[in-house]
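Asks: Starting from the given sequences, assemble the full structure and let the hints guide the process.
Here my numbering is used: the first residue of the sequence shown is 3, the next is one more, and so on.
Certain hints may be false.
The calculated BS3-like cross-link candidates involving lysine-lysine, where the alpha carbons are at most 27 Å apart (straight line), are [claimed, not checked]:
no.: 1; residue 1: K122; residue 2: K106
no.: 2; residue 1: K125; residue 2: K79
no.: 3; residue 1: K125; residue 2: K106
no.: 4; residue 1: K125; residue 2: K115
no.: 5; residue 1: K307; residue 2: K333
no.: 6; residue 1: K122; residue 2: K79
no.: 7; residue 1: K106; residue 2: K79
no.: 8; residue 1: K79; residue 2: K115
Restraint ranges, calculated between C-beta atoms of paired labels, are given here [unchecked claim]:
no.: 9; residue 1: D160; residue 2: L16; range: 19 to 29 Å
no.: 10; residue 1: A14; residue 2: R124; range: 11 to 21 Å
no.: 11; residue 1: E111; residue 2: L320; range: 38 to 48 Å
no.: 12; residue 1: G176; residue 2: A118; range: 23 to 33 Å
no.: 13; residue 1: R234; residue 2: R12; range: 38 to 48 Å
no.: 14; residue 1: L159; residue 2: R12; range: 52 to 62 Å
no.: 15; residue 1: D161; residue 2: Q34; range: 50 to 60 Å
no.: 16; residue 1: G66; residue 2: G176; range: 21 to 31 Å
no.: 17; residue 1: R124; residue 2: L159; range: 49 to 59 Å
no.: 18; residue 1: E111; residue 2: R234; range: 27 to 37 Å
no.: 19; residue 1: Q217; residue 2: H188; range: 19 to 29 Å
no.: 20; residue 1: A238; residue 2: R54; range: 31 to 41 Å
If you're looking for bench data, these hints aren't it; they were derived computationally from the structure. No experiment lies behind these values; they were computed from the predicted model shown. Every residue gets a Cβ at the ideal spot worked out from N, C-alpha and C, and that includes glycine.
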Amino acid sequence: MDPRSEVLLRQARLFEGPVLLAGLPADDLLGQLPAAHGWSWHAGEQAQLDARFAGRCHYGTEPGAARFDSAVLFLPKSRELTDYLLQALAAHLAGGMLYLVGEKRAGIERASKQLAAFGKPRKLDSARHCQLWQVQVAQVPLVPQLEELAQQFSLQLDDGPLQVISLPGVFSHGRLDRGTALLLQHLDRLPAGHLLDFGCGAGVLGAVLKRRYPQSRISLLDVDAFAVASSRLTLAANGLQAEVLAGDGIHAAPLGLAAILSNPPFHQGVHTSYAATEQLLREASGHLQPGGELRLVANSFLQYKPLIEQHLGSCQTLADAEGFRIYQASKR
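Replies: The following block contains the structure:
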């Protein structure tokens with residue numbers, strides 16, 4: 003059981019009625035709280051919860067249609083995303099209780115101050131290196147419009163400017179990160195066919211690929227609902243058509259790909275995790291056509307080359323700059 007869930011269950015009497023658990027972990031919390039409904043924006047956790055508690059958790063960027071008279075937000079990493087989620091929940095809780103739970107190292111004490119916009123917050127519990135806070139919603143906000151919270155920036159490319167739409171919580175919100183910037187300089191001579199942007203974030207890489215290779219089929223894949231929504235907005239802002247998929251890891255990707263391109267994720271919430279990237283390197287071959295190519299950017303200190311060569315084929319380093327490397331390998 004996740005320690006945040008354990009803290010909630012210490013106060014289980016507060017959550018006996020219809021409660022919405024926003025950003026809940028994929029543990030047994032829904033089993034312990036039979037009147038609760040979940041809201042997840044992580045496709046992998048949603049799949050696990052749906053397998054165990056069918057119909058009791060939904061995936062997306064909004065609270066959904068399930069009725070609730072209180073809500074718990076499991077603290078996300080991003081302050082901007084926390085603001086949006088708290089407003090989205092509080093807008094449906096006039097006079098009701100809104101709870102915030104999170105790990106101390108994730109900044110729960112700082113985040114608890116964000117509850118003051120709705121009433122007077124108070125700490126209910128502190129255990130398992132976590133804290134649980136509560137506020138009765140006296141100041142009810144308007145339902146936030148997610149797209150109005152987007153940040154837009156323009157990339158100046160050789161074939162003209164590209165508009166990027168970034169939603170709260172998406173990697174490198176409102177700016178182009180250095181790793182992606184380096185990868186964008188090394189997209190030439192890709193094999194013809196179906197191209198995948200793995201871990202698409204705001205859709206920068208996928209949009210650039212569609213513009214550069216207009217005859218190719220382009221797919222974008224991410225685990226996060228806010229990234230999926232951002233990518234769709236970025237494509238639409240540039241008049242581009244591509245397939246945007248929600249899924250957890252490379253197993254959710256199409257087969258028969260000509261190339262997989264990625265600035266792969268290395269965080270799971272507030273925790274550093276290389277599991278998704280290592281899975282990509284181990285299993286990319288199964289999604290590539292013969293001669294298909296993997297091209298990715300990674301921090302220079304990460305020893306990915308031996309793993310790529312073990313599972314895919316001979317690996318070249320196309321660039322090594324500003325703490326990042328571009329790796330290229332083709333399926334044997």
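Asks: Now look at each hint and say whether the structure bears it out.
Replies: Results for each hint:
no., hint, verdict
1, K122 with K106, "20 Å, holds"
2, K125 with K79, "20 Å, holds"
3, K125 with K106, "13 Å, holds"
4, K125 with K115, "11 Å, holds"
5, K307 with K333, "14 Å, holds"
6, K122 with K79, "23 Å, holds"
7, K106 with K79, "12 Å, holds"
8, K79 with K115, "15 Å, holds"
9, D160 with L16: 19 to 29 Å, "57 Å, violated"
10, A14 with R124: 11 to 21 Å, "18 Å, holds"
11, E111 with L320: 38 to 48 Å, "44 Å, holds"
12, G176 with A118: 23 to 33 Å, "25 Å, holds"
13, R234 with R12: 38 to 48 Å, "40 Å, holds"
14, L159 with R12: 52 to 62 Å, "53 Å, holds"
15, D161 with Q34: 50 to 60 Å, "54 Å, holds"
16, G66 with G176: 21 to 31 Å, "27 Å, holds"
17, R124 with L159: 49 to 59 Å, "51 Å, holds"
18, E111 with R234: 27 to 37 Å, "35 Å, holds"
19, Q217 with H188: 19 to 29 Å, "20 Å, holds"
20, A238 with R54: 31 to 41 Å, "35 Å, holds"
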